[in-house]
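Number 37 marks the last residue of the sequence shown (UniProt numbering); no jumps.
Since the hints were made in silico from the structure, they are not lab data.
Note that this is a predicted model, so its numbers are computed, not measured.
Among the clues, some could well be false.
As the list claims (entries may be wrong) - Quick list of simulated restraints, FRET-style, between CB atoms:
(1) D9 - S37: 38 to 44 Å
(2) D9 - K29: 29 to 35 Å
(3) D15 - K35: 27 to 33 Å
(4) I13 - L33: 29 to 35 Å
(5) I12 - Y32: 26 to 32 Å
(6) L33 - I12: 28 to 34 Å
(7) L11 - Y32: 27 to 33 Å
All residues carry an ideal CB built from backbone N, CA and C; glycine is no exception.
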Amino acid sequence: MRATVLPPDDLIIGDYALKVNISTECAYKILYLAKRS
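Please work from the sequences and hints to get the whole structure.
See below:
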């Protein structure tokens, strides 16, 4: 079932991982700035 939901395309998976990484990094920066102020 998982194979049908996620396409076995490395480019798509890599792009998704990159987006998750960027949004996580942004969230940490926002939390860091919020803590300092």
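Now the hints, each set against the structure:
1. Evaluation of the 38 to 44 Å hint for D9 and S37 yields a pass: the beta carbon distance comes to about 42 Å.
2. In this structure the hint that D9 and K29 lie 29 to 35 Å apart at CB holds, the actual value being about 30 Å.
3. A hinted range of 27 to 33 Å for the beta carbons of D15 and K35 is consistent with their spacing of about 31 Å.
4. Against the hinted window of 29 to 35 Å, the Cβ-Cβ separation of I13 and L33 comes to about 31 Å, which satisfies the hint.
5. Between I12 and Y32 the beta carbon distance is about 31 Å. The supplied range of 26 to 32 Å therefore holds.
6. Range check, L33 to I12: Cβ separation about 32 Å, and the 28 to 34 Å hint holds.
7. Between L11 and Y32 the CB atoms are about 32 Å apart, so this pair conforms to the stated range of 27 to 33 Å.
Of the hints listed earlier, there is not a single one the structure fails to meet.
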